[in-house]
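Undergrad: Take these sequences, add in the hints, and give me the full structure.
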Amino acid sequence: MRIVDLALKDLSQILRDRKVAALLVLMPIGFTVFFSMLFGGGGSAGEADPRLPIGWIDRDIGSAPGPLLRLLEASDAVRPVVLDEKGSQTAVGQVLDGKLAAVVTVPMGFQQLLWTEAPAKLQVTVDENSAAGQTAYGAIDMAVARLLGAVESARLSAEAFETSGGFFDDASRQAYLDDAFSKAINAWQDPPFTLAVEQASVAASEGEGEFEGNAQASPGLLVQFAIWSLIMSGSTVVLERTTGAMQRLLTTPIRRWQIIAGHALGMFSLTVAQELLLLAFGQFALGVDYLRQPVAILLVAVALALWVVGLGMLIGALAETDTHVMMYSLLAMFLFTGLGGAWFPLEGTGAAFQAIGRLTPTYWAMLGFQNVILRGMGLSSVLTSVAILLAYAVLFFGLAVWRFRFE
Amino acid sequence: MDLQKSLDVALKDLMRYARSPFVLVMMFGAPLMITALIYFAFSGPGGGDGGFQLPVTRVQVVNLDQTTAGFGGFSAGQVLVEFLQSEQLSNLIEATVADDADSARAAVNRQDADVALIIPADLTAIAFTAGGGTSLTLYHDPTLTIGPAIIKGLIANFLDGFSGSKIAAEVTSELLAEDGLPTDPSMMQSVAAQYAEWAQQVGQQRASAQHPLLDVEAPPRKVAPTNQLADLAGKILAGQLIFFSFYTAAAAAQSIITEEEQKTLPRLFTTPTPRTAILAGKFIATFVLVLGQAVVLTIASALIFRIRWGQPLTVALVTLGLVAVSTGFGLFLMSFAKTSRQAGLVMGAVLTVLGMAGGLFSSGMDVLPRTFEAVALFTPQGWAMRGWKLSLAGANPGDVLLPVGVVLVMGAISFAAGALTFRRRLA
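Going line by line, the protein sequences match chains A and B. If you read the first sequence in my numbering, its first letter stands for residue 1, the second for the next number, and so on. If you read the second sequence in my numbering, its first letter stands for residue 408, the second for the next number, and so on.
To be clear, the hints were calculated from the coordinates, so they are not data collected in a lab. Each residue gets a CB set at the ideal place from its N, CA and C atoms; glycine is no exception. Each hint should be verified, as a subset may be incorrect.
[Claimed, not checked] Residues from chain B shown here face chain A by an in silico Cβ test under 7 Å; the list is partial: (1) Thr544; (2) Val578; (3) Leu583; (4) Trp605; (5) Ala625.
[Unchecked claim] What the simulated footprint calls covered on chain A by chain B, stretch by stretch (three residues with Cβ under 8 Å from a Cβ of chain B suffice, anywhere in the stretch; the number is not a length): (6) 30-37; (7) 323-334; (8) 366-377.
TA: Have a look at this one:
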């Protein structure tokens with residue numbers, strides 16, 4: 001009972017301040033929305049064209065909008081934005097500013113010279129040092145290859161026609177080439193050999209679980225803000241010690257272990273409450289299907305909260321002031337969430353980074369959550385994560401108890 | 408004399424900060440640590456090779472393609488398997504052959520493989536017969552994006568060779584038929600074969616520096632980038648530098664509240680030192696502290712991460728703007744806090760939210776939604792970030808006058824508001 005009383009005291013101390021309550025609720029939700037939009041989830045699919053914008057400047061005056069533009073419009077990686085004279089003048093600046101992934105400038109006489117031995121080259125302004133630039137270049141290159149392919153198809157076709165019957169004159173040959181080219185371009189809109197991409201997920205097979213920003217941002221921010229909440233809960237321990245309240249407590253019949261347990265229970269309650277709030281927000285506002293396996297998700301959330309409590313108690317034990325608590329919490333948050341793949345998937349990182357990342361509890365929390373929401377797996381898929389999180393909880397709590405100071 | 412007193416107050420504060428390992432770690436250690444973390448994440452084990460380390464993707468290939476004697480023993484599926492297992496792709500792909508689609512999918516489900524590629528039974532048949540089409544299946548772990556995207560790009564290019572051959576043959580066949588000419592299958596095969604030969608040549612040209620149709624140029628940066636990682640590190644550290652400058656300034660301004668709580672400030676008021684001189688001293692200390700932080704971080708990061716911050720005068724201008732706005736804003740922010748406990752919370756919350764809105768945590772992303780860019784312009788952090796990004800891109804001093812001007816005005820207004828509130832409080 002004393003433990004519960006102490007925990008309730010901590011909670012009431014934290015939640016009494018409306019600003020604090022707002023920090024615990026509004027900030028995590030704000031961040032989750034922000035990052036889900038940033039990672040491309042946006043909350044509702046198909047709301048905006050997610051393809052990279054590339055500028056299109058057509059200086060081939062007199063020609064109709066080219067077949068290349070059609071091929072680029074069919075790309076699933078880029079979307080051409082036709083620039084007017086004013087837009088053309090600022091196009092390169094827009095690439096520098098990151099507003100456009102690349103700019104394609106069609107030179108004068110491009111379509112006419114396309115059929116010659118020395119075609120006029122397209123000018124592509126692109127920063128190949130950037131990921132967006134590399135993607136854009138790949139898409140432009142592929143569209144250009146298809147354009148050249150259409151020209152070659154028309155040529156080869158004309159040669160075959162000549163072998164079979166021959167042309168009356170140059171005009172009929174040109175008409176044939178134009179026709180063949182046009183048919184080839186049309187055929188490239190729906191090429192005969194395609195690649196279908198499927199995601200390995202029960203959710204995907206049911207047509208509702210595509211990898212979206214939400215599936216990274218929602219559990220990632222949940223993990224991050226579980227640590228962030230220590231700014232509030234950790235400071236209650238420090239405040240109690242620095243104001244002498246803890247010393248006064250020791251004069252009462254409460255035992256030392258009960259004081260530690262009471263604070264731990266307060267932290268745990270606060271962390272779990274915040275997690276539940278973020279899980280509900282993810283489920284109902286962002287469409288992340290946590291309820292697919294509610295027991296599995298709850299297990300991961302509780303195990304994560306227990307580790308966070310261990311970390312919080314350690315911070316409470318080591319910190320001397322409120323400011324220390326805030327900074328230790330922020331540092332722990334940056335370190336664990338960055339390394340553990342809560343900010344960005346570890347897939348793109350180097351081998352050493354991945355190896356270190358897998359040693360963090362946050363990695364196992366993310367794995368547990370994503371096994372359910374992305375891979376559509378069941379309860380058994382989170383058991384390893386839960387076991388490792390619990391082991392970390394014991395380790396951190398043990399360190400906290402070892403270093404805990406009552407005075 | 409008031410100036411002397413202000414300088415004494417500033418010196419006392421600065422000495423206190425300099426003696427605190429905690430302050431030093433937060434000022435210099437934290438931003439460098441976060442940048443190093445991300446730099447390390449995207450670099451090789453050595454971290455200094457100047458490029459991103461692309462992950463090796465484990466691919467299980469299921470080749471169901473059936474070939475018959477009618478196609479001269481040719482198997483498009485086998486060609487694709489050999490392509491994926493070729494030496495040239497060994498640093499990107501680890502391709503193994505699986506017996507059937509179910510086992511390959513199961514391997515991906517178990518995370519024993521990243522990608523399963525299923526080649527359909529009719530791949531060669533479709534390539535050699537008129538009409539129709541077929542689709543290969545790329546099955547991948549949903550948490551992976553980079554590896555599957557690389558595989559997708561490679562296979563799409565490979566398939567375009569087959570598509571082009573088929574399109575060339577079919578266009579020819581269609582046009583000959585329209586003119587009532589006979590369509591000889593061997594002629595169509597010849598067209599397809601010639602196209603395939605041409606596609607191979609063009610493919611080599613596309614991969615070389617001599618692209619047949621593209622003239623590629625980088626946007627004209629005034630400062631040549633050292634490498635991709637240094638570019639990324641520059642953008643990330645600029646975000647961290649701004650975030651922690653605002654934090655340092657606010658933490659320094661918090662000393663007014665702390666001194667008030669510790670009763671050293673009321674004691675100071677009993678001396679013949681005007682309140683304005685004390686506030687000015689606090690301002691000078693904060694200004695010098697943040698300036699020192701910016702200078703140390705830019706120099707250290709240039710040496711550690713090889714970041715080229717830009718033209719010296721431009722860097723000086725954006726640094727001045729950052730120092731001024733963070734100092735003013737720190738005082739303004741702390742004027743809302745009544746106790747040091749509140750100050751910590753306000754600092755953490757407001758600076759994090761404004762940092763997020765100002766784009767400090769997304770500074771490494773190349774293309775951001777327009778809404779984010781618009782929101783950033785309502786925050787001092789967003790304008791500061793704009794200036795630093797321009798500087799990193801090699802902008803001239805004249806190019807950064809707008810963002811620097813905006814942050815100076817924001818800094819002056821917030822300083823005036825903060826100073827006024829504190830003067831009233833301390834009166």
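Undergrad: Give a verdict on every hint.
TA: Here's how the hints hold up against the structure:
no., hint, in the structure
1, Thr544, "holds (5 Å)"
2, Val578, "holds (5 Å)"
3, Leu583, "holds (6 Å)"
4, Trp605, "holds (5 Å)"
5, Ala625, "holds (6 Å)"
6, 30-37, "holds (count 4)"
7, 323-334, "holds (count 8)"
8, 366-377, "holds (count 3)"
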